[in-house]
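Build out the structure end to end from the sequences listed, making use of the hints.
Number of protein chains: 2
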Amino acid sequence: MKKVKIGILGYGTVGSAVDRLIQKNPSLGLEVKKICDISPKVKHSKLTRRASDVINDPDIEVVVETIGGVNPAKKFVLAALRAGKSVVTSNKELIALNLKELAAAAQKNKVALLFEAAVGGGIPILGPLMNDLSADRIFEVYGIVNGTTNYILHKMTKEGMSFSEALKRAKEKGYAEADPKKDIEGFDASYKAAILAMVAFRAEIGWKKVAFEGIARIEPEDIRYAQEIGYVIKLLAAAQRRGEEIEVSVHPTLIPCDHPLAFIPGPMNAIYVKGEPIGELMFYGQGAGGGPTASAVVGDILKITKNKSQITNLELGPVKMKDTAHTYGQFYIRMLVPDKSGVLAKISKIFANAHVSIAVVNQRETVGKNANLVIVTHEARQADLDRALARLKKLPVVRKVCNIIRVGL
Amino acid sequence: MKKVKIGILGYGTVGSAVDRLIQKNPSLGLEVKKICDISPKVKHSKLTRRASDVINDPDIEVVVETIGGVNPAKKFVLAALRAGKSVVTSNKELIALNLKELAAAAQKNKVALLFEAAVGGGIPILGPLMNDLSADRIFEVYGIVNGTTNYILHKMTKEGMSFSEALKRAKEKGYAEADPKKDIEGFDASYKAAILAMVAFRAEIGWKKVAFEGIARIEPEDIRYAQEIGYVIKLLAAAQRRGEEIEVSVHPTLIPCDHPLAFIPGPMNAIYVKGEPIGELMFYGQGAGGGPTASAVVGDILKITKNKSQITNLELGPVKMKDTAHTYGQFYIRMLVPDKSGVLAKISKIFANAHVSIAVVNQRETVGKNANLVIVTHEARQADLDRALARLKKLPVVRKVCNIIRVGL
Numbered sequence: 001m002k003k004v005k006i007g008i009l010g011y012g013t014v015g016s017a018v019d020r021l022i023q024k025n026p027s028l029g030l031e032v033k034k035i036c037d038i039s040p041k042v043k044h045s046k047l048t049r050r051a052s053d054v055i056n057d058p059d060i061e062v063v064v065e066t067i068g069g070v071n072p073a074k075k076f077v078l079a080a081l082r083a084g085k086s087v088v089t090s091n092k093e094l095i096a097l098n099l100k101e102l103a104a105a106a107q108k109n110k111v112a113l114l115f116e117a118a119v120g121g122g123i124p125i126l127g128p129l130m131n132d133l134s135a136d137r138i139f140e141v142y143g144i145v146n147g148t149t150n151y152i153l154h155k156m157t158k159e160g161m162s163f164s165e166a167l168k169r170a171k172e173k174g175y176a177e178a179d180p181k182k183d184i185e186g187f188d189a190s191y192k193a194a195i196l197a198m199v200a201f202r203a204e205i206g207w208k209k210v211a212f213e214g215i216a217r218i219e220p221e222d223i224r225y226a227q228e229i230g231y232v233i234k235l236l237a238a239a240q241r242r243g244e245e246i247e248v249s250v251h252p253t254l255i256p257c258d259h260p261l262a263f264i265p266g267p268m269n270a271i272y273v274k275g276e277p278i279g280e281l282m283f284y285g286q287g288a289g290g291g292p293t294a295s296a297v298v299g300d301i302l303k304i305t306k307n308k309s310q311i312t313n314l315e316l317g318p319v320k321m322k323d324t325a326h327t328y329g330q331f332y333i334r335m336l337v338p339d340k341s342g343v344l345a346k347i348s349k350i351f352a353n354a355h356v357s358i359a360v361v362n363q364r365e366t367v368g369k370n371a372n373l374v375i376v377t378h379e380a381r382q383a384d385l386d387r388a389l390a391r392l393k394k395l396p397v398v399r400k401v402c403n404i405i406r407v408g409l
Numbered sequence: 001m002k003k004v005k006i007g008i009l010g011y012g013t014v015g016s017a018v019d020r021l022i023q024k025n026p027s028l029g030l031e032v033k034k035i036c037d038i039s040p041k042v043k044h045s046k047l048t049r050r051a052s053d054v055i056n057d058p059d060i061e062v063v064v065e066t067i068g069g070v071n072p073a074k075k076f077v078l079a080a081l082r083a084g085k086s087v088v089t090s091n092k093e094l095i096a097l098n099l100k101e102l103a104a105a106a107q108k109n110k111v112a113l114l115f116e117a118a119v120g121g122g123i124p125i126l127g128p129l130m131n132d133l134s135a136d137r138i139f140e141v142y143g144i145v146n147g148t149t150n151y152i153l154h155k156m157t158k159e160g161m162s163f164s165e166a167l168k169r170a171k172e173k174g175y176a177e178a179d180p181k182k183d184i185e186g187f188d189a190s191y192k193a194a195i196l197a198m199v200a201f202r203a204e205i206g207w208k209k210v211a212f213e214g215i216a217r218i219e220p221e222d223i224r225y226a227q228e229i230g231y232v233i234k235l236l237a238a239a240q241r242r243g244e245e246i247e248v249s250v251h252p253t254l255i256p257c258d259h260p261l262a263f264i265p266g267p268m269n270a271i272y273v274k275g276e277p278i279g280e281l282m283f284y285g286q287g288a289g290g291g292p293t294a295s296a297v298v299g300d301i302l303k304i305t306k307n308k309s310q311i312t313n314l315e316l317g318p319v320k321m322k323d324t325a326h327t328y329g330q331f332y333i334r335m336l337v338p339d340k341s342g343v344l345a346k347i348s349k350i351f352a353n354a355h356v357s358i359a360v361v362n363q364r365e366t367v368g369k370n371a372n373l374v375i376v377t378h379e380a381r382q383a384d385l386d387r388a389l390a391r392l393k394k395l396p397v398v399r400k401v402c403n404i405i406r407v408g409l
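One line per chain: the protein sequences are X and B, in this order. Each residue of the first sequence is one higher than the one before, counting from 1 in the working numbering. Each residue of the second sequence is one higher than the one before, counting from 1 in the working numbering.
Quick caveat, the hints were computed from the structure, so don't treat them as lab data. On a predicted model such as this, the values are computed, not experimentally measured, just so you know. We treat Cβ as the ideally placed atom computed from N, Cα and C, and that holds for glycine. Hints may contain errors.
Unchecked claim - With the Cβ distance kept under 10 Å, some of the chain B side facing chain X (calculated, not the full set):
no.	residue
1	20
2	125
3	264
4	302
5	306
Encoded structure:
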């Protein structure tokens, strides 16, 4: 059997795992012909320092892009598509920012562009959304799509650690990089949220309209108080279709303890999907690591090589992205107030005047002369909440608004 | 756009939901041309009483079989494949007992045979196993694949109900049929276990070699004692590859409380997969109902119509099915013994002599003059356990061996 020739751009954790997986399984019918990496540390018998050697090799049918980042990955991927080669990539930033342009280039050149590995590592989620669930209308996709932050929040929840202790532990375990900014601040999850929304809704999502934030401001108190009222805190990537509008965001979120996403432990990932007529689904697995990610990349290669006719045909229509000021939501608010009578009455009045209705009030232990007051609102307009918060901050009895966290699902 | 014509055999819950889903979504590009059902209750403008009207209609490209059972479904499916039509079926019994023959007929006639709806209702699991995970070697598949029994066990666990109370509740809720034998006794799960094993391992699984049992013998005591030592009881469909041998079974099983499958509530289904290099995965969703099942059926139809080249190419190789007498496992044993000294010593000696090592001993509340004694073994040979049990039953101090349940995962 003649093997299909593959080229790999970028020989880091994922690229090298793809190479090993293909070598280990001759029955897959694949052969890595050339590898491009510019790092002087990389040594390999098939190595070239020039991407064009891979892109312009007439024997190579599929180019794997595992460089990461937009530049120069985008230039190489476009060149490969234009050279008539199908492309498989694990590059979430590239896809989040450029899917429409890249999918159009693939379609124009009658080749495939697949990127299962860009979301949820090895978890099959984009494949099911593109193929198995074609008969469904998807309304909501929620994901725990960043293993680093899920590990940190899980440690804080189960062992009462502070954020910085848990981050230190994550680095020791290899779950967080030396510079964990992209994970901790929500960039990584925001790319994945945008990709999930584009594929689930076949919609053109501007990544710049994805509101996102990280987990550094979550304190052990928040996790403890959330648990007391029946919630766990997760960094949630959310994509929702509301009528003709779409909202995509990444926020720390209070999730009810009995929701399937509440159980996702350590560095694991999960994506929860709601649609019609499918109802609810959840996909769970390892969201990172060379092995699982290589499974997704090589799985994508095999979809292309076993089925020559698979040309990317992902039409992303224009949509209205929801204006955050009009967004509704439930919110958890923790503030420091003096432990004396009359305080709650003043605070409640401000919420009532702003049309924000209160669902739960929980006054917790005293910190010096002050107490932690936790309020969970009913569904409220973000704009109304912002108005209430502006007034609260001017109220002398409110020493500090410590944290505001979304309550969801 | 010219619509692809579909025929439906069997207009029950699933067949009618497929018809509705196609009618509701003209953009899918499908049209139901003929429906066959012999029930006098079914009325429909497209109805025929003869399956051959559907099978031999030259306009119809895809035949949907939602009759259920082997006869006459098998005859109709074979006739449709031979007439050059692709077939999509939700019929687990048909596929479990005949997949090799039907897949060969599809391949010979260059058409597709797809059956995603036969396992886990709408949950995409066979699609991911056949496509997205093609680069992986799958070792283990565990499923909670019967919603009726999971609902009953969940009720028994959360509310302390007896089996018969919970079954009554399941019937009231519509989760159990009037005659729940196929669900309660494990037939339904055994079909799904066989299908999962065939697809995950590309192996010819004789359904008759699937050891299965139901949940009627599980008592509230077992659920309570299991919880006390950190387990929940689920009806588990298990397919494992051990070296060159494959074992497929369905048993009530003690699952560790922190395993992802332990959280699956009510009538929901989930399938847990372990492979290399993917690691662990879980797929969760609604395992039954017209809507979710129609999502899987129509998803399969679209795979065929959007991609004309998709010919079934599922080669099932011969495998050795593991002989149960050689199977290893951990076991929970509950017995009634007199509440006096020396009893445990006698019992322990019998286990030791049979080379069955004990992991947990838990003597529970007294029932008259007797006490419930719970023993959990370490990994042991089934044959050794059987020998120990035979001797235990002859021991005068063992009043009764109440239950033996597998401990797994």
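A quick look at each hint next to the structure:
Given the 10 Å rule on beta carbons, the hint for residue 20 of chain B holds: about 9 Å separates it from the nearest Cβ of chain X. For the restraint placing residue 125 of chain B at the interface with chain X, the shortest Cβ-Cβ distance is roughly 9 Å, inside the 10 Å limit, so the hint holds. At about 8 Å, the closest approach between the beta carbon of residue 264 of chain B and any beta carbon in chain X falls short of 10 Å, and the interface hint on this residue holds. At a threshold of 10 Å, the smallest CB-CB gap from residue 302 of chain B to chain X is about 4 Å, leaving the interface hint in force.
At about 7 Å, the closest approach between the beta carbon of residue 306 of chain B and any beta carbon in chain X falls short of 10 Å, and the interface hint on this residue holds.
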